[in-house]
Every structure is written in C-alpha cells, then in structure tokens.
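Given the sequences, and given the hints that come with them, work out the whole structure.
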Amino acid sequence: MLTVNNILVFDCTDEGVERLVREGKIRRFASKLPKATFWSTHVAPRLAANESALLLPTFNDWVAAPIASGGHMPGQFVSVSSSSPFVPAGRLDGVPTGLALQSTQDKIFTSVDALIIALRGHVAATDNRQKEERLALDVLANVKMFERYVLDRLIVNIQRAITNKERNRPEGESYYGPGATLDWTRDIVASLATELPLTRLYKKVAAIHDFCRCNRFDTPNRDTTRGMRIGTEKYSLAEDNHWIANQRSLNNSIWAGKSGSAMDMVYAAKQIGINDDDSLAALAFCIVAFFHFMPTSQSSTHTYHEVMTGATSVHEGINTFYKAAEVPGGQDVFRQLQSRPSLWKPDDSVQRCPSCNTTFGVFTRKHHCRACGGIFCANCSKETKVVPMPAIRPGKAPETGNLRVCKSCASG
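If you're matching positions, the sequence shown starts at -1 in my numbering and goes up one per residue.
In case anyone wonders, no lab produced these hints; they're calculated from the structure. Watch out, some of these pointers could steer you wrong.
Below are the EDC-like pairs computed for lysine to aspartate or glutamate, each with C-alpha atoms no more than 20 Å apart in a straight line [stated by the list, open to error]:
hint, residue 1, residue 2
1, Lys364, Glu381
2, Lys268, Asp216
3, Lys23, Asp9
4, Lys321, Asp275
5, Lys405, Glu381
6, Lys268, Glu164
7, Lys163, Asp185
8, Lys343, Asp275
9, Lys383, Glu397
10, Lys142, Glu381
11, Lys268, Asp346
12, Lys232, Asp104
13, Lys129, Glu324
14, Lys232, Glu397
15, Lys163, Asp216
16, Lys23, Asp104
17, Lys321, Glu131
18, Lys321, Asp345
19, Lys142, Glu131
20, Lys142, Asp125
21, Lys380, Glu397
22, Lys23, Glu231
23, Lys405, Glu193
24, Lys343, Glu397
25, Lys321, Asp274
26, Lys321, Asp346
27, Lys30, Glu16
28, Lys142, Glu193
29, Lys405, Asp125
30, Lys321, Asp125
31, Lys30, Glu13
Pair ranges (Cβ atoms, derived) [unchecked claim]:
hint, residue 1, residue 2, range
32, Ala243, Lys383, 32 to 42 Å
33, Lys268, Ala408, 21 to 31 Å
34, Glu164, Leu194, 31 to 41 Å
35, Asn273, Glu49, 42 to 52 Å
36, Glu49, Asn166, 45 to 55 Å
37, Arg132, Glu13, 38 to 48 Å
38, Pro218, Thr382, 40 to 50 Å
39, Thr35, Asn273, 52 to 62 Å
Built from N, CA and C at the ideal position, the CB exists for glycine as well.
See the structure below:
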C-alpha cells in the first residue's frame, strides 16, 4: 500500500478500498486517488520529460505490493491493487515453502517530493541491486562453508549458553513466523542437517535473531538507526536523514534504513564467543543473504549496505570486507575469507563435542580439527586430508601432510 501525504494511492475499485478499511486491514486516510490519476496530477508534472517512463514501473510496483493484515506475520497479506503479483507469506506459486518469506510493504511518504527522491534513488540503484542478488546467491551456493565458518559455531555457542543458564531460550513462535520456528530443546545444527541450503540459511539466521530478541542485548550504537524512517513505518525512509541522503548519493540500494537487526546479531555473536573479524564478517554476509531472500517488493527487506553499515558500527574490523560505494562479488568474499587460516580453539573453551554433543572427560578425549581449529571427539574427527592452511596454533609451527579434520571440513 502506498500513501503520500495521507492520500491513499490504489489500483482497484473504490468499493474494494472501503471494504479493506471496514475490515481493519488498512488504516483510514484523508483522501484517495487511483494510481493513474495520482501519477498524472501529482507526480508527472514535477518530472523531467524523459523521467516519467523511467520511474513509472517502480511506482506501479510499490502501489501493487501487499500489506500484512493484522498481527505479526499472520500469513495473510492483502493489497489495494487488483493486479498484485504477490502471494501470502510462506507460499510460492500457491505451494507452501516452509519458510516465512515476506512480500509486504506499507510505504508512506510525507510529500510527493519525497516519493520522487525515493523513486529516483531506487532506479539509480538498479545495477547495485543486481550485484546484491548475485552476492546473495553466491552465499547460498557456498552456505556449507559459511555454516562451518560461523553459523554452526555461533549456534552451538548459543545453545551451550542456554544450557548453562547464562542466557534465555527463545520460546514460542519465531519472530519470522511458523516456517522459521525451531525446537530449542533439540540440537539445532543436527536437526537442520538434512534440510535444503536455503532452509538451513534462513532458519539458522532467524534463530540467531530470535535469540537476540529474547535476550535483549544492549547493542552499542543502536540509536544510530533512529530518524531513518517515518515514525515506526519500517519501509518508509526519511529522505532528509543524513545517512539516507548519503546512501542515495552513492546510488546504493536502501529500503528500510540501517539494519538494527544486523547490529544486534553481530553484537550477540561477540557476547557468545565469536570475536574475530573474519567470522563476524562472514556472519554479516549471511545476514545479507537472509534478508535478500525475504524480499519486499523490488528490494530486499534489508539491503547489502543497510546490513553492512549496521554490522561495521558494532564491530569495526568488518570494514576490511566493506566499502561504502561497492557491492563485492561473492567469489571475492570467499577468497578473502579462505585466505586467512582459522585459530586453534583453547582446550577449556569446549565441554562437549559440537558435532555429536558427547561430553568430554577421562574416556572421551578432545581432538583439534587442523582445518577449522575446532575441538571434537575422536569419532567426529577421525578423517584426514591435506589442509592448505592449517589452523593457527599459538607458539607452534604449522603442520603438514595428511592432518586430522572434523567431518564438516573433511567433506567441504
């Protein structure tokens, strides 16, 4: 639904709009205009001669996008457009996907000028949005590496903190709906092992975010996200905000402002023992892909620059992977990550094997994987392979030849 200065812009019958108001699915408004009339009378006269045809498709897309109808993620979405191409959450071509994917927006502008700035910025960012899509697809194609590098380690650390009663366990339905809801009493990594890559990526990042919301970490610099939106409207950017204006000037794709969720997840990871630059950068790229596959109209729910500027404001070391005016290729990211060896985990940092959950003790010794530096039981680290860059072991020279590795590194 698109509202400009309290004028509802719609693409269906007047009776249909009134019915949605009566049913409480959309808010009341001061006045309403069909999209064609609004465009011709309010927008087109303010545009350069060649701009109207360039911006009109995006405007039509924003009008057609549906909104959630009451409650959080109820799985039912409505649109004031009779030609909306979107489908309810968790469904793809009428078939349930098992994920809590959204296609919603309730986009509000305080003036026609603000709408035009947003339309121009969105069109100018077309190339960068395509680069973001390639990056997200590359992350998905290499999700196993990202799981080994950071996602699974972080989730294991989270579940250990919950078991030790150091942190609270998320209860009830996931923030991202029933499709992302997990049984936190089970080993999450093991329970998702047979799922498809997109499902694993989506549910694991959703689980990390649910953990953040449950524990309410005091994330530093969180207030830097304030003033980027019109009130509490998630997809309505304040075009006069300095950060928004700067992103527009760089032709960056922006949609909902700097990601506070990314800030929370990176900060939570640091509190749960994931502190190195590479791992936190890898987490940020997973968050980018996560939000990309939860689309809102023509854009990701949070875009690459929204995630990365949030992440770097919490952990400055991620800046080695991020440049404010560029979207990297996925393979460049992977080469940068893989060019740095992992660190040897301290013996006292692990009490259970992260692969099978066996408790270490007199009869169950700890063994280090020479590739990722993690600690596993003998059964979960009995394979060997040549490791190009063995994990760094402080005070020890790198090993060579066929080395002990964990099951994940053996198959990676």
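Outcome of the hint check:
Among the hinted pairs, Lys364 with Glu381 is consistent with the structure: their alpha-carbon atoms are about 15 Å apart, no more than 20 Å. Distance restraint check for Lys268 and Asp216: the Cα-Cα separation of roughly 12 Å lies within the 20 Å cut-off, and the hinted pair is therefore satisfied. This hinted pair checks out: Lys23 and Asp9 have alpha carbons roughly 16 Å apart, not beyond 20 Å. With a C-alpha separation of about 15 Å, the suggested pair Lys321 and Asp275 falls inside the 20 Å cut-off, and the hint holds.
A hinted pair counts as satisfied when its Cα atoms are at most 20 Å apart, and Lys405 with Glu381 qualifies at roughly 7 Å. Simply put, Lys268 and Glu164 have alpha-carbon atoms about 15 Å apart, close enough for the 20 Å limit, and the pair holds. Restraint check for Lys163 and Asp185: the C-alpha separation of about 16 Å stays at or below 20 Å, so the hint holds. Only pairs whose Cα atoms come within 20 Å are accepted, and Lys343 paired with Asp275 is accepted, the gap being roughly 16 Å.
Using a Cα cut-off of 20 Å, the hinted pair Lys383 and Glu397 holds, with the two alpha carbons roughly 12 Å apart. With a C-alpha separation of about 18 Å, the suggested pairing of Lys142 with Glu381 holds against the 20 Å cut-off. Annotation: proposed proximity of Lys268 to Asp346 holds, straight-line Cα distance about 18 Å (limit 20 Å). Of the pairs offered as hints, the one joining Lys232 and Asp104 holds, with about 8 Å between alpha carbons and a cut-off of 20 Å not exceeded.
Among the hinted pairs, Lys129 with Glu324 is consistent with the structure: their alpha-carbon atoms are about 9 Å apart, no more than 20 Å. A distance of roughly 51 Å separates the Cα atoms of Lys232 and Glu397; the hinted pair therefore is violated under the 20 Å criterion. The straight-line distance between the Cα atoms of Lys163 and Asp216 is roughly 19 Å, inside the 20 Å bound, and the hint therefore holds. Simply put, Lys23 and Asp104 have alpha-carbon atoms about 11 Å apart, close enough for the 20 Å limit, and the pair holds.
Straight-line distance between C-alpha atoms of Lys321 and Glu131 comes to about 17 Å, which keeps the hinted pair within the 20 Å bound. Between the alpha carbons of Lys321 and Asp345 the distance comes to roughly 36 Å, so the proposed pair goes past 20 Å and is violated. For the suggested pair Lys142 and Glu131, the alpha carbons sit about 19 Å apart, so the restraint of at most 20 Å is met. With a CA separation close to 28 Å, the supplied pair Lys142 and Asp125 exceeds the 20 Å bound.
Annotation: proposed proximity of Lys380 to Glu397 holds, straight-line Cα distance about 17 Å (limit 20 Å). Taken as a hint, the Lys23 and Glu231 pair is honoured in the structure, with Cα atoms around 16 Å apart against an allowance of 20 Å. Among the hinted pairs, Lys405 with Glu193 is consistent with the structure: their alpha-carbon atoms are about 18 Å apart, no more than 20 Å. Restraint check for Lys343 and Glu397: the C-alpha separation of about 16 Å stays at or below 20 Å, so the hint holds.
About 19 Å separates the Cα atoms of Lys321 and Asp274, which keeps this hinted pair within 20 Å; it holds. Only pairs whose Cα atoms come within 20 Å are accepted, and Lys321 paired with Asp346 is rejected, the gap being roughly 37 Å. Restraint check for Lys30 and Glu16: the C-alpha separation of about 10 Å stays at or below 20 Å, so the hint holds. Distance restraint check for Lys142 and Glu193: the Cα-Cα separation of roughly 12 Å lies within the 20 Å cut-off, and the hinted pair is therefore satisfied.
Only pairs whose Cα atoms come within 20 Å are accepted, and Lys405 paired with Asp125 is rejected, the gap being roughly 40 Å. With a C-alpha separation of about 16 Å, the suggested pair Lys321 and Asp125 falls inside the 20 Å cut-off, and the hint holds. Restraint check for Lys30 and Glu13: satisfied, since their Cα atoms lie roughly 12 Å apart, inside the 20 Å limit. Checking the proposed 32 to 42 Å range against Ala243 and Lys383 shows it is violated: the Cβ atoms sit about 51 Å from each other.
At roughly 29 Å, the beta-carbon separation of Lys268 and Ala408 lies within the given 21 to 31 Å, and the hint holds. Judged by the Cβ atoms, the range 31 to 41 Å given for Glu164 and Leu194 holds: they are separated by roughly 32 Å. At roughly 48 Å, the beta-carbon separation of Asn273 and Glu49 lies within the given 42 to 52 Å, and the hint holds. Separation of Glu49 from Asn166 is about 52 Å and conforms to the stated range, judged on CB atoms against 45 to 55 Å.
For the pair Arg132 and Glu13, the supplied restraint of 38 to 48 Å holds, since their beta-carbon distance comes to about 44 Å. Our hint of 40 to 50 Å for Pro218 and Thr382 holds, since their Cβ atoms are close to 43 Å apart. Between Thr35 and Asn273 the C-beta distance comes to about 56 Å, which sits within the given range of 52 to 62 Å.
Against the hints set out earlier in the document, violations occur for numbers 14, 18, 20, 26, 29, 32.
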